[in-house]
Every structure is written in structure tokens, then in C-alpha cells.
Amino acid sequence: DQQVKQNSPSLSVQEGRISILNCDYTNSMFDYFLWYKKYPAEGPTFLISISSIKDKNEDGRFTVFLNKSAKHLSLHIVPSQPGDSAVYFCAASGASYDKVIFGPGTSLSVIP
Amino acid sequence: NAGVMQNPRHLVRRRGQEARLRCSPMKGHSHVYWYRQLPEEGLKFMVYLQKENIIDESGMPKERFSAEFPKEGPSILRIQQVVRGDSAAYFCASSQGTGRLSGTEAFFGQGTRLTVV
Numbered sequence: 524d525q526q527v528k529q530n531s532p533s534l535s536v537q538e539g540r541i542s543i544l545n546c547d548y549t550n551s552m553f554d555y556f557l558w559y560k561k562y563p564a565e566g567p568t569f570l571i572s573i574s575s576i577k578d579k580n581e582d583g584r585f586t587v588f589l590n591k592s593a594k595h596l597s598l599h600i601v602p603s604q605p606g607d608s609a610v611y612f613c614a615a616s617g618a619s620y621d622k623v624i625f626g627p628g629t630s631l632s633v634i635p
Numbered sequence: 703n704a705g706v707m708q709n710p711r712h713l714v715r716r717r718g719q720e721a722r723l724r725c726s727p728m729k730g731h732s733h734v735y736w737y738r739q740l741p742e743e744g745l746k747f748m749v750y751l752q753k754e755n756i757i758d759e760s761g762m763p764k765e766r767f768s769a770e771f772p773k774e775g776p777s778i779l780r781i782q783q784v785v786r787g788d789s790a791a792y793f794c795a796s797s798q799g800t801g802r803l804s805g806t807e808a809f810f811g812q813g814t815r816l817t818v819v
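Sequence order for the protein chains is A and B. Using our numbering, the first residue of the first sequence is number 524, and each one after it goes up by one. Using our numbering, the first residue of the second sequence is number 703, and each one after it goes up by one.
Wrong hints could be hidden among the right ones.
To be verified - For lysine-lysine, the following DSS-like pairs were computed, each having C-alpha atoms within a straight-line distance of at most 27 Å:
#1 A:K622 with A:K577
#2 B:K764 with A:K528
#3 A:K577 with A:K591
#4 A:K594 with A:K577
#5 A:K579 with A:K594
#6 B:K746 with A:K591
#7 A:K577 with A:K528
#8 A:K594 with A:K528
#9 A:K622 with A:K594
#10 B:K729 with B:K773
#11 A:K528 with A:K579
#12 A:K594 with B:K746
#13 A:K622 with B:K729
#14 A:K579 with A:K591
#15 A:K579 with A:K622
#16 B:K729 with B:K746
#17 B:K746 with B:K764
#18 B:K773 with A:K622
#19 B:K773 with B:K753
#20 B:K729 with B:K753
#21 A:K622 with B:K764
#22 B:K773 with B:K746
#23 A:K528 with B:K746
#24 A:K622 with A:K591
#25 B:K753 with A:K622
#26 A:K622 with B:K746
#27 A:K591 with A:K528
Unchecked claim - If you want the footprint, here are the derived chain A segments under chain B, 3+ residues with CB under 8 Å:
#28 565–579
#29 623–630
Stated by the list, open to error - Taking beta-carbon pairs under 10 Å as the criterion, some of the chain B residues facing chain A (in silico):
#30 V706
#31 Q708
#32 Y735
#33 L745
#34 K746
#35 V749
#36 Y750
#37 S760
#38 F793
#39 C794
#40 A795
Bear in mind the hints are in silico, worked out from the structure with no lab data behind them. Keep in mind the model is a prediction, meaning the values are calculated, not measured. Each residue gets a CB set at the ideal place from its N, CA and C atoms; glycine is no exception.
Please work from the sequences and hints to get the whole structure.
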């Protein structure tokens with residue numbers, strides 16, 4: 524049973540445009556959400572997070588939106604750059620659910 | 703994140719041998735997570751440990767796999783009698799385990815790529 528879902532295995536975006544990566548979760552105990560970026564042959568790198576008390580968190584070109592009622596979050600990258608090409612993992616955890624659960628990832632390709 | 707050290711980076715084992723993967727968490731981190739990434743798949747949770755305690759091993763296969771995080775030294779993921787299906791990238795992550803809402807996140811090592819021949 525996949526508790527964190529990323530239904531798009533891949534996404535291609537033109538350089539300079541917006542990239543939107545989506546994530547859905549099923550466990551209502553989750554109250555903290557993270558996005559990780561992973562290049563081939565490297566470990567995942569933390570990108571941005573959001574707690575359930577917020578609906579938006581912004582860090583430079585990266586913004587994460589959380590819709591608790593829909594159990595949905597999204598990562599927006601604006602403007603997209605070729606260096607953003609990587610696999611993006613959505614992850615979730617909870618105060619009473621301390622392990623971090625990852626989605627299957629979305630492979631983003633930013634085309635110059 | 704370079705702060706979480708995993709070794710070896712690459713490990714080749716023959717079927718039936720044992721594989722030992724080591725993970726040294728970031729300084730000050732007392733929580734360790736192990737994940738496995740099979741080819742063309744995402745990260746699958748295996749086990750969550752604190753010092754000298756296994757907190758959650760719900761993602762560990764019932765046989766041949768074990769993990770420990772002793773009071774001193776690195777966390778060890780041990781796979782006995784490896785089979786070809788164990789070939790994967792194994793990632794370790796560490797966190798402080800507290801203050802997540804303040805922005806403490808799990809930081810990953812670069813992984814150990816296990817190949818069973």
C-alpha cells in the first residue's frame with residue numbers, strides 16, 4: 524500500500540518555464556512533508572519542506588504548496604533550469620509516525 | 703550530504719556471501735534510516751534505528767536482513783546469503799529526530815551500490 528504517491532514518473536519542461544511536480548498521500552497522520560532531489564549515482568538531497576500548519580513554503584525558485592483537505596502537495600520550480608534535471612522525491616512523516624516515507628519519484632528533464 | 707558517510711560505495715558479492723553496509727550519521731544525529739532503491743524504482747523504507755534500538759523494521763525482509771546501530775560506531779546493514787534480487791542501491795539517512803517542525807530533515811549519504819553476481 525503506497526502511502527505517498529507521485530503519479531507522473533517523468534516530466535519534461537522547457538528552460539525558463541514552470542515545473543510542477545505533484546504528490547498525493549493517503550495517511551492522515553502525516554504532518555510534515557519534504558521534497559528531495561536526486562542525481563544519478565548520488566544520494567537524495569533535501570530541497571524544501573512544509574509542515575501541516577502551513578499551506579505554502581517558498582525558498583528561492585522553489586515553492587511547495589500543501590492542500591490538506593485533498594491530501595495533495597506540489598512543488599513548483601520557477602524558472603526551471605537545465606541543472607534542475609533530476610529525480611524528485613516527495614516524502615512525508617508525522618509526529619507520531621516518525622519514519623520518513625518516500626514516493627516513487629518523478630524524473631524531471633529541463634530542456635535548454 | 704557529505705556529512706552522512708556510507709561505505710563502501712560499491713560492493714560486489716557472489717550469491718551466498720554476506721554483505722555488510724556501513725553508515726556513519728552526521729555529527730549530533732542519533733536517528734538512522736535505511737532505504738533501498740531497486741533499479742527503476744523509488745526509495746523503499748527498510749528500517750529506522752536510534753542508538754542501540756530498532757524503532758521500526760517494518761520494511762525489512764523477514765529473513766537474511768538485519769540492522770544495528772550500536773552505542774559506538776556506525777550503523778550496519780547486514781545481508782546474509784545474498785541473492786541476485788538483493789542488487790540495489792542502499793541509502794542511509796540520519797536526522798536529529800526532534801524538532802522536525804523547526805526544519806530538521808533527514809540527510810542522506812551517497813549510498814552503497816550492491817551487486818550480486
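Hint by hint, here is what the structure shows:
no., hint, result
1, A:K622 with A:K577, "holds, 21 Å"
2, B:K764 with A:K528, "holds, 25 Å"
3, A:K577 with A:K591, "holds, 9 Å"
4, A:K594 with A:K577, "holds, 13 Å"
5, A:K579 with A:K594, "holds, 14 Å"
6, B:K746 with A:K591, "holds, 24 Å"
7, A:K577 with A:K528, "holds, 21 Å"
8, A:K594 with A:K528, "holds, 11 Å"
9, A:K622 with A:K594, "holds, 18 Å"
10, B:K729 with B:K773, "holds, 14 Å"
11, A:K528 with A:K579, "holds, 20 Å"
12, A:K594 with B:K746, "holds, 21 Å"
13, A:K622 with B:K729, "holds, 20 Å"
14, A:K579 with A:K591, "holds, 11 Å"
15, A:K579 with A:K622, "holds, 23 Å"
16, B:K729 with B:K746, "holds, 25 Å"
17, B:K746 with B:K764, "holds, 15 Å"
18, B:K773 with A:K622, "holds, 20 Å"
19, B:K773 with B:K753, "holds, 6 Å"
20, B:K729 with B:K753, "holds, 13 Å"
21, A:K622 with B:K764, "holds, 19 Å"
22, B:K773 with B:K746, "holds, 26 Å"
23, A:K528 with B:K746, "holds, 12 Å"
24, A:K622 with A:K591, "holds, 20 Å"
25, B:K753 with A:K622, "holds, 15 Å"
26, A:K622 with B:K746, "holds, 11 Å"
27, A:K591 with A:K528, "holds, 15 Å"
28, 565–579, "holds (count 8)"
29, 623–630, "holds (count 6)"
30, V706, "holds, 7 Å"
31, Q708, "holds, 8 Å"
32, Y735, "holds, 6 Å"
33, L745, "holds, 4 Å"
34, K746, "holds, 8 Å"
35, V749, "holds, 9 Å"
36, Y750, "holds, 4 Å"
37, S760, "holds, 8 Å"
38, F793, "holds, 6 Å"
39, C794, "holds, 8 Å"
40, A795, "holds, 7 Å"
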